[in-house]
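Asker: Given next are the chains, with one letter for each unit.
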Amino acid sequence: MSKILSVTTNICLIVGLIFVTGGTQFVYAAPLLSLSNTMSSSKITTASSHSVRFTTPTGAGDNTDTIIITFPSDFNFTSKTIGTVTFTHGASTGLESTETLASSPSVSAWGAVFSGTQNRVLTLTAPTDGVGSTVVAANDRIIITYDNTNSVNATSPASYVIGVSGTFGDTGSITVNILSDDQVSVSATVAQSLTFSISDNSIGFGTLSSSAAQYATGDTLGNASEVEAHNLVVGTNASNGYTMSLNGSTLTSGANTINTIGASNVASSVGTEQFGLRMTATGGTGAVAAPYAASGFAFDSVAFPDQIASAAGSSANTTYSARYLANITSNTEAGSYSATLTYTATANY
Amino acid sequence: MRTHGSIFFNIKTVLVAGLLMCTFSAYAVELTSSSFIIRDPVIGAGGGYGTSASFGLFSQSDTLLTGVGSSATYIGRYGYLYFPNPAIEQSISFSLSDNAISLGNLSSAGPRYATVSGGSGTNSVAHTMTASSNASDGYTISYYATSFTSGSDSINGATITGDIDGTQGVGQFALSISTDGGASIASTYQQANPNWDFVANTTTTIVSTSGESTSEVFSNRYLANISASTPAGSYTTAITYVITGNF
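Quick note, the sequences are listed as chains A and B, same order.
Going by the working numbering, the first sequence opens with residue 2, and the numbers climb by one from there.
Going by the working numbering, the second sequence opens with residue 7, and the numbers climb by one from there.
Be careful, since some hints might not be right.
What the hints assert, rightly or not - Label pairs and their in silico Cβ distance ranges:
#, chain 1, residue 1, chain 2, residue 2, range
1, A, 108, B, 208, 37 to 43 Å
2, A, 58, B, 127, 54 to 60 Å
3, A, 157, B, 190, 30 to 36 Å
4, B, 155, A, 108, 47 to 53 Å
5, A, 168, B, 170, 57 to 63 Å
6, B, 193, A, 138, 51 to 57 Å
As the list claims (entries may be wrong) - With the Cβ distance kept under 10 Å, some of the chain A side facing chain B (calculated, not the full set):
#, residue
7, 177
8, 178
9, 186
10, 187
11, 236
12, 241
No lab work stands behind these hints, which were simulated from the structure alone.
Think of the CB as a built atom: it goes at the ideal place given N, C-alpha and C, for glycine as much as any other residue.
All chains, full assembly: derive it from the sequences and hints.
Answerer: Okay, here's the thing in structure tokens:
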């Protein structure tokens, strides 16, 4: 009886063990490590690039291996082409080896095919030799990028899970957060400004002579040597700079005038009638215009209002030093001569 | 013979015990070793698992049906071993308190700071960013911005170190960040110093964490100075902030 019980027990155990283990299949699906997806924009309904990164414990070295990236519902990759996708991998950065992608796998290329609703599924199929550029080894870092062409984010703000799977055996997921607006618009105003000043509004030559040149001074007494009579300061933040122009007439006493020196820059000539101007510039980016910039003098009244200085762009203050020359002949009519000169600065915003 | 019978009896005892455990076990516990964790698995009827100091046993009856089926009111997972709530779901969140801020009218005589209400002459928080994630390797926040421009004119991005207001009379635009938590802020952006920085047209990482983190609030400040010759105009830039979880 005892023996019968023992045999029965043994049979039950054997059957039980077969029952217990029967049909068992072991599939090693290792979890992917260090997963991330860097996007250029997380704003709803906005084109964004993706850089999907993960480390594969198993690798993908068999020619039957596939790596599948699955974006969740509402992401839209309609019309996206594999030319806008890259696949790199390597032991350290993931950028060591670049795999060629083609519509179907070959010895040298991974197959890359978009499928599913709005192309949300990308299936990469290993090269026919299982290697391609370089075999995807165990523990390789893998980087799969999509540029932002035909790569549009979901239409609703929420968290979305991107799946990584395939017959290479490893699986993982990456959660991204989509916002209604991921941008901050920063604004500021720079008000327009134009600085313009004249240091002295009344200058004089003193007594003119046919035997020596005379230069105007701020004290109105004049000087036999060239000196600054007054200065003008101009500056602006106008993006197209400014122009300064001159208008007026030559020295006049009643019906008598002293001839201008003319439209060309010429040197002083004692004993001839000359009324002229020259300027120098310091500071900022402003510059004296021809014919007033050279060492001689000019007074182009024909062209009045004549441009005498300018700046091409915004400029800090430029100081223009104005020098005035007067010469007369021995026959120049006696009298008290004067001239009113008007300077105008115009900003070009 | 008796010795052999005794040994055989002991083996049978263990197997019977194992089978009994196989038959009646349907645990929801966490199984761990030095190299893995299985959280809350459920084993179908007829299967189970058991452990002692010297062995571990998984068992099952034949798997006739595998897969997942669901409707609006139920979800069924069929097979030998499945996970009703797969470990811990990934989470990541990110928000911006405001999407439009202004520095107001800039001046060469003093600094301006951005606010949501037209700018200020004193150092101010323009907006906040709130972030959290359970990503095991933390998260990073980066930005990408266009230049601070008005047409073809621009105010240069500046790197300012240890200076609350930069340099008056010089064109400068920069960003600085502080936090109420433990995230790492890129050194050139740390308001605590205070440092300021701004790089246009390059994706730049400004915040990083190394592990799971609860909600953390970052305060963003923007500073601008101009020179007397900074061209007049309405200056703008659009700054895109992106968070990336490292799971």
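Asker: Next, verify each hint and record whether it holds.
Answerer: Verification of the supplied hints:
{"no.": "1", "hint": "108(A) with 208(B): 37 to 43 Å", "result": "holds, 39 Å"}
{"no.": "2", "hint": "58(A) with 127(B): 54 to 60 Å", "result": "holds, 57 Å"}
{"no.": "3", "hint": "157(A) with 190(B): 30 to 36 Å", "result": "holds, 32 Å"}
{"no.": "4", "hint": "155(B) with 108(A): 47 to 53 Å", "result": "holds, 50 Å"}
{"no.": "5", "hint": "168(A) with 170(B): 57 to 63 Å", "result": "holds, 58 Å"}
{"no.": "6", "hint": "193(B) with 138(A): 51 to 57 Å", "result": "violated, 36 Å"}
{"no.": "7", "hint": "177", "result": "holds, 7 Å"}
{"no.": "8", "hint": "178", "result": "holds, 5 Å"}
{"no.": "9", "hint": "186", "result": "holds, 5 Å"}
{"no.": "10", "hint": "187", "result": "holds, 5 Å"}
{"no.": "11", "hint": "236", "result": "holds, 7 Å"}
{"no.": "12", "hint": "241", "result": "holds, 9 Å"}
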